[in-house]
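Using the hints provided, position chain B relative to the given structure of chain A.
Top to bottom, those sequences are chains A and B. Here the numbering used here is used: the first residue of the first sequence is 1, the next is one more, and so on. Here the numbering used here is used: the first residue of the second sequence is 1, the next is one more, and so on.
Bear in mind the hints are in silico, worked out from the structure with no lab data behind them. Treat the hints with care, as some may be off.
To be clear about the criterion: a stretch of chain A counts as covered by chain B if any three or more of its residues have a C-beta under 8 Å from a C-beta of chain B, and this derived list gives those stretches [said to hold, decoys possible]:
{"#": "1", "segment": "19-25"}
{"#": "2", "segment": "148-158"}
{"#": "3", "segment": "262-268"}
{"#": "4", "segment": "289-303"}
From the derived model, a few chain A residues whose C-beta atoms are all more than 12 Å from chain B [stated by the list, open to error]:
{"#": "5", "residue": "Ile-65"}
{"#": "6", "residue": "His-162"}
{"#": "7", "residue": "Met-182"}
{"#": "8", "residue": "Phe-190"}
Virtual Cβ for every residue (Gly too), placed ideally from N, Cα, C.
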Amino acid sequence: MFKFIIRRLLISLPLLAGVTILSFFIINLAPGGQIALPGAEMNPSFNPHVREMMKRQFHFDKPLIVQYGLIMRDAFTGKLASFKDNRSATGKVLQRMPATLALSAMAMVITISCALPLGIYAARHHGRWRDRLISLISFALISLPTFWVAYMLVLACVRLWHIPVLGTETFGVEFPNPFSAMVDATWHVFLPAVVLALGGIAVDSRYMRASMVEAMNEDYIRTARAKGLSETQVAYRHALRNSLRPIVTFIGYLLPAFLGGSVIVEQIFGYPGMGRLMYEAMMERDMPVIMVELMIGSALVLLGNLLADVLYAVVDPRVRLD
Amino acid sequence: MANANDHIVQPAEAMQTIAVPRAGLWRRFAADRPALVSMVVMACIFVVGMGYWTIHLSGVHWPYDPTVPDPPAQLLPPSAQHPLGTDELGRDTLSRILLGAHVSLLIGFVAVGISIAIGAIIGSVSGYFGGWVDTIMMRFVDMMMCIPSFFLILTVAAMLRPSIWYVAAVIGLTGWMGTSRLVRAEFLTLRETDYVQAARAVGAGPLRIIFRHILPNALPPVFVSAVLGVSGAILAEASLSYLGFGVQPPDPSWGNIVADGRQYILDAWWLIVFPGVAIFVTTLAFYVTGEGLRAALDPKETKRI
Numbered sequence: 001m002f003k004f005i006i007r008r009l010l011i012s013l014p015l016l017a018g019v020t021i022l023s024f025f026i027i028n029l030a031p032g033g034q035i036a037l038p039g040a041e042m043n044p045s046f047n048p049h050v051r052e053m054m055k056r057q058f059h060f061d062k063p064l065i066v067q068y069g070l071i072m073r074d075a076f077t078g079k080l081a082s083f084k085d086n087r088s089a090t091g092k093v094l095q096r097m098p099a100t101l102a103l104s105a106m107a108m109v110i111t112i113s114c115a116l117p118l119g120i121y122a123a124r125h126h127g128r129w130r131d132r133l134i135s136l137i138s139f140a141l142i143s144l145p146t147f148w149v150a151y152m153l154v155l156a157c158v159r160l161w162h163i164p165v166l167g168t169e170t171f172g173v174e175f176p177n178p179f180s181a182m183v184d185a186t187w188h189v190f191l192p193a194v195v196l197a198l199g200g201i202a203v204d205s206r207y208m209r210a211s212m213v214e215a216m217n218e219d220y221i222r223t224a225r226a227k228g229l230s231e232t233q234v235a236y237r238h239a240l241r242n243s244l245r246p247i248v249t250f251i252g253y254l255l256p257a258f259l260g261g262s263v264i265v266e267q268i269f270g271y272p273g274m275g276r277l278m279y280e281a282m283m284e285r286d287m288p289v290i291m292v293e294l295m296i297g298s299a300l301v302l303l304g305n306l307l308a309d310v311l312y313a314v315v316d317p318r319v320r321l322d
Numbered sequence: 001m002a003n004a005n006d007h008i009v010q011p012a013e014a015m016q017t018i019a020v021p022r023a024g025l026w027r028r029f030a031a032d033r034p035a036l037v038s039m040v041v042m043a044c045i046f047v048v049g050m051g052y053w054t055i056h057l058s059g060v061h062w063p064y065d066p067t068v069p070d071p072p073a074q075l076l077p078p079s080a081q082h083p084l085g086t087d088e089l090g091r092d093t094l095s096r097i098l099l100g101a102h103v104s105l106l107i108g109f110v111a112v113g114i115s116i117a118i119g120a121i122i123g124s125v126s127g128y129f130g131g132w133v134d135t136i137m138m139r140f141v142d143m144m145m146c147i148p149s150f151f152l153i154l155t156v157a158a159m160l161r162p163s164i165w166y167v168a169a170v171i172g173l174t175g176w177m178g179t180s181r182l183v184r185a186e187f188l189t190l191r192e193t194d195y196v197q198a199a200r201a202v203g204a205g206p207l208r209i210i211f212r213h214i215l216p217n218a219l220p221p222v223f224v225s226a227v228l229g230v231s232g233a234i235l236a237e238a239s240l241s242y243l244g245f246g247v248q249p250p251d252p253s254w255g256n257i258v259a260d261g262r263q264y265i266l267d268a269w270w271l272i273v274f275p276g277v278a279i280f281v282t283t284l285a286f287y288v289t290g291e292g293l294r295a296a297l298d299p300k301e302t303k304r305i
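So here's chain A without its partners, still in its complex pose (with noise of 0.2 Å):
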């Protein structure tokens, strides 16, 4: 198992090379980017100051590679510092991760415990009304748009039942105790992680129903039945565990749609995580934060696979890592 990370962590490393390379690449593709091309002083939408900025952070006075060089030195080092408020970018990032951390994983939770038993239900009840009803209910989950879904529930909890949703805790609540401002603190996660979840409950309930149709199929279910056993305990005992294999794999690829939905949530929810920091610094070109955002996301989707990979073994014996 150990072996099986270290070697897959050693994988990932050109992979987040080539992020690295490949945001470098984008961020030059800017407007500002060719700043170091002649006639670029002619551009009235460079600003004096993001001239100087870009100047002084990017290095354009150097080669091209000496430039991503310098660069990466100085995200590494925190040096790459924002446009903005001249923190380092790095360490903005760092700071915003926590948040959108536990938005995910509470939306990672929502997720599971709808999507399962939904896609389980609908698997015993394969092509009937019930299993038809549930498909059409997980396409409409897909086809909502998030920023609309956020933006009506904000809009009914604030301004019809007066419940305070937006941020990370109540203003101007003195809480008696740690546990309930624990408990408003965990309830402030939990409306834009449901908006977070909805996509990836329909994705994951319909991965559910397919895995577990398949496995209902297979010889060993006649066989459980043939020997007697009640449907219940063919489907739980028998189906369900095999079912899940796959499914496994399917979570790990939900942080990044989480990540890349946290943009729209967050900025609605007034949550402060690395979401509304990327629409922040898209807003103000803030080039280093957007380049960091880019690396750091990308890091935290290749940990998010590898921990899917080591589940995927632990839930099934016949999986060697090493």
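Just chain B, lined up with the frame of chain A:
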């Protein structure tokens, strides 16, 4: 385990079909009522959206000109004159949503066209040649997959000048990875078949074998993922425009109508609700059609218990 990635089943691949029973495809699809209804809705949206745009370009405006402000008619609630109300400049919401339809459809189709083209080329070259070509291309795909997709779309969109075509290109260029894996998986199976061996034996070159012999047989699952992809692209466009990095005002897009309406939410709920419903219905129509096609192509699904 030989390769740590071997057991990772990609979502798109997990659902794919290898042997495709073409006979009775339409019958199976039509037996699925929701899918049939969705396809009709999809066709209607397409005809209305594209038709409205053409008529708008030719200078005929119905019920109102969606681009011309009409100050006396600011923020009117839905009524007989304005079935879906008006916005803060007095523009008719129904007209604006109708005009916005072509933006969503164009971006949806162009983006998917780009991503299918790239995905098919990379997937087929990778799957056909195998070896180091395959390794390099698939590592590149892995790398693209590990960047959260909306981060990537947002970054590229924010760096470029926002316009309909740029938005379509960005969504297409960041969304081809699933298709390439799907096509590659099909090629891995198909390249070992007898008819491909036969084509090779009579001296057909790799390009001819890839595009003439294998690719046509790998297309059905790609077609399904294309239909599903359109709904994803429409949602991505709406989200981008909502955040202000997509289609820019005064061009109406469903996303930026919602974004513009945000500040008037207490006075004008219709500015938020109706474009959202338009996005939802369109995405749903494409999605259910795509899923219906997938089910009709999948022998496992058609087995009635």
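Hint-by-hint comparison with the structure:
no.: 1; hint: 19-25; verdict: holds (count 3)
no.: 2; hint: 148-158; verdict: holds (count 4)
no.: 3; hint: 262-268; verdict: holds (count 3)
no.: 4; hint: 289-303; verdict: holds (count 7)
no.: 5; hint: Ile-65; verdict: holds, 19 Å
no.: 6; hint: His-162; verdict: holds, 14 Å
no.: 7; hint: Met-182; verdict: holds, 29 Å
no.: 8; hint: Phe-190; verdict: holds, 22 Å
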